[in-house]
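Protein chains: 2
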Amino acid sequence: MADIQDILLNRRTIRKYSLEPVDDNLLVELLKAGCRSSTTGNMQVYSIIINRDESLKKALAPLHFNQAMVTEAPVLLTFCADFNRFNRWCLLRKAVPGYDNFISFMTAAIDALLVAQTLCVAAEARGLGICYLGTTTYMAHKIIEVLRLPKGVVPVTCISLGWPAEKPQQVDRLPLEAVIHNETYKDYTDEEIEKLYCEKENRSDSMQFIEENKKETLAQVFTDIRYKKEDNVYFSKVLLQVLHDQGFMNQ
Amino acid sequence: MADIQDILLNRRTIRKYSLEPVDDNLLVELLKAGCRSSTTGNMQVYSIIINRDESLKKALAPLHFNQAMVTEAPVLLTFCADFNRFNRWCLLRKAVPGYDNFISFMTAAIDALLVAQTLCVAAEARGLGICYLGTTTYMAHKIIEVLRLPKGVVPVTCISLGWPAEKPQQVDRLPLEAVIHNETYKDYTDEEIEKLYCEKENRSDSMQFIEENKKETLAQVFTDIRYKKEDNVYFSKVLLQVLHDQGFMNQ
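For the protein sequence lines, the chains are A and B, in the order given. The opening position of the first sequence corresponds to residue 0 in numbering that gives the first Met the number 0, with each subsequent residue numbered one higher. The opening position of the second sequence corresponds to residue 0 in numbering that gives the first Met the number 0, with each subsequent residue numbered one higher.
Hints may be right or wrong, so weigh each one.
The list treats identical chains as one, so a pair stands whether inside a single copy or across any two.
[Claimed, not checked] In silico lysine-lysine, DSS-like type, Cα no more than 30 Å apart, as pairs:
#1 K213 - K227
#2 K141 - K185
#3 K166 - K31
#4 K185 - K93
#5 K141 - K31
#6 K228 - K213
#7 K31 - K199
#8 K199 - K213
#9 K236 - K150
#10 K150 - K199
#11 K228 - K93
Don't read these hints as lab results, they were simulated from the structure. Quick caveat, the model's predicted, so the values are computed rather than measured.
Given these sequences and hints, build the entire structure.
Structure follows, in structure tokens:
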């Protein structure tokens with residue numbers, strides 16, 4: 000058993016998986032570990048949808064922009080903020096739930112994300128590989144249809160899970176001092192920003208990225224191509240509508 | 000080194016800490032492990048505020064409803080959704096950031112929460128104890144003032160961290176089948192809800208909880224005392240205003 004610190008420091012996101020299935024008992028073990036994560040007031044206001052069938056994975060694939068992992072991974076897990084179950088329990092017990100509002104969505108989303116990340120760590124410690132699908136919040140409205148999520152349930156993130164069939168280079172990270180602040184937030188000077196992003200900008204893969212995308216700077220690849228304002232504005236409207244439709248905007 | 004699965008399954012939230020400080024090198028190790036978590040597009044749109052000084056912890060304490068951990072733990076870590084640093088970099092690089100909207104807040108909040116939970120697992124594997132402070136989203140507006148968070152930065156969660164000075168009973172969890180769904184969401188029948196919550200309701204600590212709070216059912220302790228509608232409505236309005244004020248509601 001490798002040291003957990005080594006596992007965490009050496010991890011890579013895995014997007015290609017072998018054909019070997021993920022054993023049911025192993026998956027249950029990972030789910031149980033995930034569900035020991037902290038949860039607000041021990042309410043456990045989350046649900047996990049497990050997809051292994053080809054047909055559902057195929058239906059979900061376009062909602063995740065046809066990323067290959069969705070159909071190629073043996074397991075997809077969609078982590079949802081879920082007050083439906085808790086509300087149902089309240090109503091059966093002469094209790095009037097007041098969780099149809101934004102703070103309750105955030106509480107449930109936090110619950111779901113902590114479970115997701117614990118499960119990912121447990122999976123990676125067992126040698127499995129995972130990839131988060133950021134498309135989940137963009138396409139929540141369509142995922143809700145395919146997974147038949149009732150009111151009170153919103154998908155927050157999704158991971159693909161399987162045995163690695165690749166060992167990619169580890170991606171870069173900003174130096175630790177870029178993301179930590181002692182006691183209070185110290186806003187960055189231009190010189191500090193230059194220094195903190197210097198290594199990232201000078202990597203050969205970043206240079207290639209700029210060239211392939213015909214841009215002048217790496218930052219422009221993000222703002223003009225990968226995470227564009229017009230897309231963000233659109234997805235923001237859709238997600239806020241989803242929160243409304245699923246019953247979380249009644250404050 | 001214990002097996003990670005055992006660590007995850009046997010964990011308890013720790014609210015009482017010994018006077019022993021958390022070594023700087025150990026804290027850096029934990030932070031580095033946290034920052035290897037998945038992050039959307041490798042943007043790392045989060046920041047971590049480290050509080051160890053008495054004065055700042057005292058200023059934060061009432062914002063966390065005077066929970067004793069805030070002043071008694073040697074370390075407090077506040078995890079923030081942070082597009083400020085990334086925006087600053089874009090502006091220095093002739094790139095126009097389009098991240099002043101709700102989906103960008105969610106992206107950054109997810110980033111921050113995955114880092115937080117990886118750090119917690121790393122800490123617990125080293126024998127440290129943690130407690131999440133759900134008050135962070137309730138009092139985000141005041142935490143922003145104390146920690147001097149600029150526009151583009153919103154606190155999402157906070158943990159207290161230290162060496163355990165207690166070994167509490169492990170709290171209950173719903174049976175795994177309560178929170179998982181195969182392929183699509185199967186909504187619960189009343190009978191299923193009864194069965195899934197039966198063990199929780201019949202625990203002696205639940206019974207005591209009902210009695211102490213002079214309620215008829217456990218669910219009423221949640222709806223009428225711990226997580227009341229009027230509080231949720233109020234905190235929802237405040238948090239949405241925070242998102243507006245910090246520049247995430249311009250869709």
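**OP:** Could you work out which earlier hints the structure fails to respect and list their numbers in ascending sequence?
**Re:** Of the numbered hints given earlier, the structure breaks none, since each of them holds.
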